[in-house]
Amino acid sequence: MSVDGPKSDDIGDIQTHRPELLLEVADLVKHFPVKRGLVFDREVDQVRAVDGVSFSVARGETLGLVGESGSGKSTLARTVLQLLEPSSGSVRFEGREIAGLSRRAMRPLRREMQMVFQDPYASLNPRKRVGQIVGEPLLLQGVARGAALRREVQELLARVGLAAEHYDRFPHEFSGGQRQRIGIARAIALRPKLIVADEPVSALDVSIRAQIVNLLADLQEELELTYIFVAHDIGIVRHVSDRIAVMHEGKIVEEGPADQVCDQPRDAYTKQLLAAVPIPDPREARSRRRAVRPS
Amino acid sequence: MTEPLLCVRDLRVGFVTETGRVQAADGVSFDVAPGEVLAIVGESGSGKSVTAQTIIGLTRSPNSRIAGSVRLRGAELIDAGDDELRKVRGEQIGMVFQDPMTSFNPVYRVGRQIVEAVRAHRRDIGNSEAREIAVEMLDSVGIPDPAQRIDDYPHEFSGGMRQRAMIAMALALEPELLIADEPTTALDVTVQAQILALLERLNRERGLATILITHDLGVVAEVADRVLVMYAGRVVEQGTLDEIFYDPQHPYTWGLLGSLTRIDRDRPERLPQISGAPPSLQSLPQGCPFRPRCPHEFDRCPELPGLDARLAEAPAHLDRCWLEPEEKRELRQVEGQIGLEAPK
Numbered sequence: 001m002s003v004d005g006p007k008s009d010d011i012g013d014i015q016t017h018r019p020e021l022l023l024e025v026a027d028l029v030k031h032f033p034v035k036r037g038l039v040f041d042r043e044v045d046q047v048r049a050v051d052g053v054s055f056s057v058a059r060g061e062t063l064g065l066v067g068e069s070g071s072g073k074s075t076l077a078r079t080v081l082q083l084l085e086p087s088s089g090s091v092r093f094e095g096r097e098i099a100g101l102s103r104r105a106m107r108p109l110r111r112e113m114q115m116v117f118q119d120p121y122a123s124l125n126p127r128k129r130v131g132q133i134v135g136e137p138l139l140l141q142g143v144a145r146g147a148a149l150r151r152e153v154q155e156l157l158a159r160v161g162l163a164a165e166h167y168d169r170f171p172h173e174f175s176g177g178q179r180q181r182i183g184i185a186r187a188i189a190l191r192p193k194l195i196v197a198d199e200p201v202s203a204l205d206v207s208i209r210a211q212i213v214n215l216l217a218d219l220q221e222e223l224e225l226t227y228i229f230v231a232h233d234i235g236i237v238r239h240v241s242d243r244i245a246v247m248h249e250g251k252i253v254e255e256g257p258a259d260q261v262c263d264q265p266r267d268a269y270t271k272q273l274l275a276a277v278p279i280p281d282p283r284e285a286r287s288r289r290r291a292v293r294p295s
Numbered sequence: 001m002t003e004p005l006l007c008v009r010d011l012r013v014g015f016v017t018e019t020g021r022v023q024a025a026d027g028v029s030f031d032v033a034p035g036e037v038l039a040i041v042g043e044s045g046s047g048k049s050v051t052a053q054t055i056i057g058l059t060r061s062p063n064s065r066i067a068g069s070v071r072l073r074g075a076e077l078i079d080a081g082d083d084e085l086r087k088v089r090g091e092q093i094g095m096v097f098q099d100p101m102t103s104f105n106p107v108y109r110v111g112r113q114i115v116e117a118v119r120a121h122r123r124d125i126g127n128s129e130a131r132e133i134a135v136e137m138l139d140s141v142g143i144p145d146p147a148q149r150i151d152d153y154p155h156e157f158s159g160g161m162r163q164r165a166m167i168a169m170a171l172a173l174e175p176e177l178l179i180a181d182e183p184t185t186a187l188d189v190t191v192q193a194q195i196l197a198l199l200e201r202l203n204r205e206r207g208l209a210t211i212l213i214t215h216d217l218g219v220v221a222e223v224a225d226r227v228l229v230m231y232a233g234r235v236v237e238q239g240t241l242d243e244i245f246y247d248p249q250h251p252y253t254w255g256l257l258g259s260l261t262r263i264d265r266d267r268p269e270r271l272p273q274i275s276g277a278p279p280s281l282q283s284l285p286q287g288c289p290f291r292p293r294c295p296h297e298f299d300r301c302p303e304l305p306g307l308d309a310r311l312a313e314a315p316a317h318l319d320r321c322w323l324e325p326e327e328k329r330e331l332r333q334v335e336g337q338i339g340l341e342a343p344k
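Chains as they are written, first to last, in my numbering: chain L, 1 to 295; chain Y, 1 to 344.
Simulated from the structure, these hints should not be mistaken for lab results.
Since this is a predicted model, take the numbers as computed values, not measurements.
One thing to keep in mind: the hints can contain errors.
[What the hints assert, rightly or not] Result set (DMTMM-like, lysine to aspartate or glutamate): computed pairs, CA atoms no more than 25 Å apart in a straight line: (1) Lys344/Y - Glu43/L; (2) Lys344/Y - Asp27/L; (3) Lys193/L - Glu165/L; (4) Lys271/L - Glu3/Y; (5) Lys344/Y - Asp259/L; (6) Lys344/Y - Glu222/L; (7) Lys344/Y - Glu24/L; (8) Lys344/Y - Glu254/L; (9) Lys193/L - Glu269/Y.
Based on the provided sequences and hints, a complete structural model is requested.
Below you can see the structure in the form of structure tokens.
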């Protein structure tokens with residue numbers, strides 16, 4: 001790790017902070033102003049997208065963040081990564097406070113935390129070749145260049161199940177699943193510790209989803225990655241997660257081990273969410289319908 | 001089975017493109033009875049949406065090549081004139097699309113759009129009467145305060161309300177058949193459950209027949225009576241809901257069923273997957289289109305299997321796979337469940 005900056009208060013942190021935790025988020029708030037007015041904007045209200053959220057993620061584990069649209073899960077993910085500036089609260093990465101750090105101070109930390117996006121059609125620059133897209137983080141961070149860069153990128157492509165000859169192709173030549181592999185190769189290029197995946201499989205065909213989920217699991221093991229997996233599909237979230245946090249209206253309403261949250265939910269909203277998930281088994285679905293509607 | 005409402009026979013839809021001809025739907029046949037929900041399941045490029053759109057003439061263009069027969073209560077729609085087809089759309093067949101954001105015109109009030117749809121077909125109905133119908137329809141799909149909300153603009157509705165309003169518009173003229181193309185895919189699960197319950201109620205109470213196009217087998221299990229599984233433009237398996245889920249005959253169906261995540265069961269270590277990707281329609285493999293992804297491929301597969309009944313006890317359960325039914329029942333058992341192959 002090559003984090004520079006003041007080291008003096010790090011020593012105090014190391015003593016109080018549990019070493020197995022990679023990320024600790026406390027009372028995180030992200031409000032967006034609602035403005036009205038033609039010439040002079042007045043702030044008339046606030047959207048409390050993330051409204052006092054605390055959670056932690058241990059090294060090597062997967063935290064599933066599940067919620068419906070508007071629950072604030074994507075805003076939370078982006079605020080944790082400091083892609084959005086938090087309104088208040090604390091985000092500690094390896095014990096170090098990163099909330100409110102300047103862009104310049106964040107830059108070396110960006111190597112440590114990467115993001116995989118939902119839409120593999122929108123998240124890759126259509127004018128760049130695959131090799132450039134995947135190699136860009138390495139080039140920008142000064143890790144590799146020239147022939148070494150090309151070699152490194154080809155290794156990355158192989159690691160995510162693509163071929164070396166894909167290096168010179170453009171994104172439009174690939175299917176959705178392959179594009180998501182390119183996005184994943186770019187995310188792991190700098191050997192990050194934390195990857196936030198925001199709906200990484202929801203835009204993909206059913207037969208491709210399992211491939212990407214399995215790829216993410218393989219990479220987690222090989223590269224000792226820690227994941228925050230954001231999705232609305234609680235079935236997928238349960239499959240990939242060690243722990244699940246359920247978000248509703250900007251708050252985490254329930255958090256716990258994945259099986260416990262799904263099998264014995266405590267919160268009323270979690271129960272409602274689970275009850276709405278279709279069960280792909282006609283007999284089960286029929287008996288559940290009878291249970292819900294006794295008529 | 002009651003007399004079919006819709007009869008589709010050997011439907012073929014091709015498109016002429018710069019790089020050659022693409023056969024988007026190839027020899028699709030099925031019936032829909034009144035009150036029945038037929039699910040068409042498939043991935044992108046499977047031809048499921050093209051099939052549905054062709055039924056109501058939405059794929060007609062100088063570049064499309066359409067053949068086969070689509071009969072609604074005996075009347076042929078494939079070569080019907082545009083005026084005739086326009087009457088069928090709305091009056092006899094309603095359609096709901098995936099994206100409720102783009103299905104309404106954003107600059108007109110919701111009510112006005114429904115009123116316009118009603119009056120376009122029924123000249124005898126006045127504005128105020130059409131408005132009453134619109135309020136009634138919004139009420140029946142569960143829009144609260146319909147008399148007030150009818151004057152809202154589409155952006156003032158939530159996604160779920162917009163999809164309900166879309167269904168209300170599609171049903172305003174009391175069609176006999178509803179074609180719903182991924183009607184809940186863009187919605188949250190709690191809203192999806194409400195829309196599915198609404199569709200089920202309409203089927204039960206009004207005898208509405210529905211063609212539901214979806215990629216989500218969970219949704220299928222909740223509402224469908226019969227299922228058509230499509231792959232690369234062809235139907236690869238069709239049967240009743242229970243036949244497809246409990247005695248599936250095509251390896252692609254096994255793969256789809258096997259890769260589902262279930263919250264009501266213990267999770268497997270790894271998710272069973274189907275390797276590879278759906279083929280490009282411009283370079284289909286010879287014979288069975290699923291062959292390159294199928295672990296059970298053998299020497300007959302380079303020849304395309306017909307969509308035939310292969311089970312003596314289920315003459316309406318059809319599939320396109322050369323394997324013997326006995327063999328299939330053995331091969332599809334993967335770690336105690338139906339699947340394509342053990343996860344690697």
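Evaluated hints:
| no. | hint | result |
| --- | --- | --- |
| 1 | Lys344/Y - Glu43/L | 55 Å, violated |
| 2 | Lys344/Y - Asp27/L | 41 Å, violated |
| 3 | Lys193/L - Glu165/L | 28 Å, violated |
| 4 | Lys271/L - Glu3/Y | 42 Å, violated |
| 5 | Lys344/Y - Asp259/L | 23 Å, holds |
| 6 | Lys344/Y - Glu222/L | 16 Å, holds |
| 7 | Lys344/Y - Glu24/L | 34 Å, violated |
| 8 | Lys344/Y - Glu254/L | 33 Å, violated |
| 9 | Lys193/L - Glu269/Y | 23 Å, holds |
Hints 1, 2, 3, 4, 7, 8 from the list above are not met by this structure, while the remaining hints are.
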